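Here are the chains, one letter per residue:
Protein chains: 2
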Amino acid sequence: MRPNILLFGDSITQESFRSGCWGASLADAYSRKADVVLRGYGGYNTRWALFLLHHLFPLGLTKPPVATTIFFGANDAALAGGTSERQHVPVEEYKENLRKIVRHLKECSPTMLIVLITPPPIDEEGRMEYARETYGEKAMILPERTNETTGVYAKGCVELARELGVRSINLWSKMQETDGWQKKYLRDGLHLTAEGNAVVFEEVVKVFKEAWLDASEMPYDFPHHSEIDGKNPEKAFQQKCL
Amino acid sequence: MRPNILLFGDSITQESFRSGCWGASLADAYSRKADVVLRGYGGYNTRWALFLLHHLFPLGLTKPPVATTIFFGANDAALAGGTSERQHVPVEEYKENLRKIVRHLKECSPTMLIVLITPPPIDEEGRMEYARETYGEKAMILPERTNETTGVYAKGCVELARELGVRSINLWSKMQETDGWQKKYLRDGLHLTAEGNAVVFEEVVKVFKEAWLDASEMPYDFPHHSEIDGKNPEKAFQQKCL
Numbered sequence: 002m003r004p005n006i007l008l009f010g011d012s013i014t015q016e017s018f019r020s021g022c023w024g025a026s027l028a029d030a031y032s033r034k035a036d037v038v039l040r041g042y043g044g045y046n047t048r049w050a051l052f053l054l055h056h057l058f059p060l061g062l063t064k065p066p067v068a069t070t071i072f073f074g075a076n077d078a079a080l081a082g083g084t085s086e087r088q089h090v091p092v093e094e095y096k097e098n099l100r101k102i103v104r105h106l107k108e109c110s111p112t113m114l115i116v117l118i119t120p121p122p123i124d125e126e127g128r129m130e131y132a133r134e135t136y137g138e139k140a141m142i143l144p145e146r147t148n149e150t151t152g153v154y155a156k157g158c159v160e161l162a163r164e165l166g167v168r169s170i171n172l173w174s175k176m177q178e179t180d181g182w183q184k185k186y187l188r189d190g191l192h193l194t195a196e197g198n199a200v201v202f203e204e205v206v207k208v209f210k211e212a213w214l215d216a217s218e219m220p221y222d223f224p225h226h227s228e229i230d231g232k233n234p235e236k237a238f239q240q241k242c243l
Numbered sequence: 002m003r004p005n006i007l008l009f010g011d012s013i014t015q016e017s018f019r020s021g022c023w024g025a026s027l028a029d030a031y032s033r034k035a036d037v038v039l040r041g042y043g044g045y046n047t048r049w050a051l052f053l054l055h056h057l058f059p060l061g062l063t064k065p066p067v068a069t070t071i072f073f074g075a076n077d078a079a080l081a082g083g084t085s086e087r088q089h090v091p092v093e094e095y096k097e098n099l100r101k102i103v104r105h106l107k108e109c110s111p112t113m114l115i116v117l118i119t120p121p122p123i124d125e126e127g128r129m130e131y132a133r134e135t136y137g138e139k140a141m142i143l144p145e146r147t148n149e150t151t152g153v154y155a156k157g158c159v160e161l162a163r164e165l166g167v168r169s170i171n172l173w174s175k176m177q178e179t180d181g182w183q184k185k186y187l188r189d190g191l192h193l194t195a196e197g198n199a200v201v202f203e204e205v206v207k208v209f210k211e212a213w214l215d216a217s218e219m220p221y222d223f224p225h226h227s228e229i230d231g232k233n234p235e236k237a238f239q240q241k242c243l
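Just so you know, the protein sequences line up as chains H and X, in that order. If you're matching positions, the first sequence starts at 2 in the numbering used here and goes up one per residue. If you're matching positions, the second sequence starts at 2 in the numbering used here and goes up one per residue.
What the hints contain is simulated information worked out from the structure, not anything from laboratory work. Computed from a predicted structure; not experimentally measured. Hints should not be assumed to be uniformly reliable.
Which copy? The list can't say, so a pair holds if one copy fits it or any two copies do.
Here are the simulated DMTMM-like cross-link-like pairs (lysine to aspartate or glutamate), alpha carbons at most 25 angstroms apart as the crow flies [what the hints assert, rightly or not]:
1. LYS175 with GLU149
2. LYS34 with GLU228
3. LYS64 with GLU86
4. LYS107 with ASP36
5. LYS210 with GLU16
6. LYS107 with ASP215
7. LYS101 with GLU228
8. LYS64 with ASP36
9. LYS156 with ASP189
10. LYS236 with GLU93
11. LYS175 with GLU93
12. LYS64 with GLU160
13. LYS64 with GLU93
14. LYS236 with GLU86
15. LYS207 with GLU16
16. LYS64 with ASP222
17. LYS232 with GLU97
18. LYS236 with GLU94
Isolated chain H, as found in the complex (with noise of 0.2 angstroms):
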């Protein structure tokens, strides 16, 4: 009955449903309007993401996402040659693989609001710290990830949802306008502190609005409590039910 909002990404989607993230707000922001479905995968890349493309949206779907967010690019992102390298795609590749999921998408649904989002930038002393405490010194001689890197997929992420057209949020950029951003919005230097997650969350509602998928606007699925009468409850739920 309901439409379904999909969130496909990585661990940043994966874990967006901890006390205060971005994904459980939504789901709070549009109850009773619309379901929204958890499909994060920490640790992938868009290369693995491509194996489970048909898998999660099967052609032929009765009732395909009405809007998906694709949040991919933060381990793509992880250099060559450093620590996390088996997660490394190459930025060409990485925008290629965003347009086959963007293709597929469009495929099974034309109608469906798709959403690409940028990685979140890197606060590379915040990496390495908790390289440290989670490994001991020898983590990390190299940096595994650099801010100037991972600006590159951002800025290839936005140009492609421009050739697209389809909609984007640059995280990578939003989040570096506000003072302090490093240790406000990141708590290990990547993944996202509970501002962090309201600043994706905030920016994803914005978004969707545009689209006209206003959680405000959006019919409640049955009558809301103080329209049923209590000694005659039937008539609300004809109205609506039927």
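We have chain H already, so just place chain X on it with the hints.
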């Protein structure tokens, strides 16, 4: 692909995806393993819930939920003659309505794990304060809900669960085992604080585990990223996706 866990109830279910609340915590605990579907209807009692039953759980669903929590009673237990009289449902009818809900779910799927949750206790003083703050001095002369009456509904709910052979959580009793439960678990005398939400989350997880629906023993929907060989990713996906 993934199993669904459905949360059916009143406002305490509807708002369960707010920051740190029990529904979102459940979605996080089962991430990549099961989808948590939110069907909370603020202000609803069991009488009104019956109108939704065939819409939310149509017979012949190809994929009925593997588990459903049924969490009503807080509104049914509003006092006849009080300011929330409109929502009042006599306790015998409350039990009869719950029986109809359980029977219908069993008809949808004989293997569905059904968990009845009693209403939480009422902090009458906190409820009165809330009403005064919201509506001013004239708000409530008589209480709209009492802890004793809600306890009668909780007892009825647990008895019915035993009779029908389904599981139950006696939240009314459980919360009152802790000193200072009134302010610790309830934010307005009725709805739950973050700590109150944590109690619901822990109790639901405990019952799910006892019924073999334990997230830690359920498989991931797709390979964990650490199982993916960077040079030969196909291998992990062939094993897990075919």
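* Give me the numbers of the hints this structure contradicts, sorted from smallest to largest. => Violated hints (numbers, rising): 3, 12, 13; every other hint is consistent with the structure.
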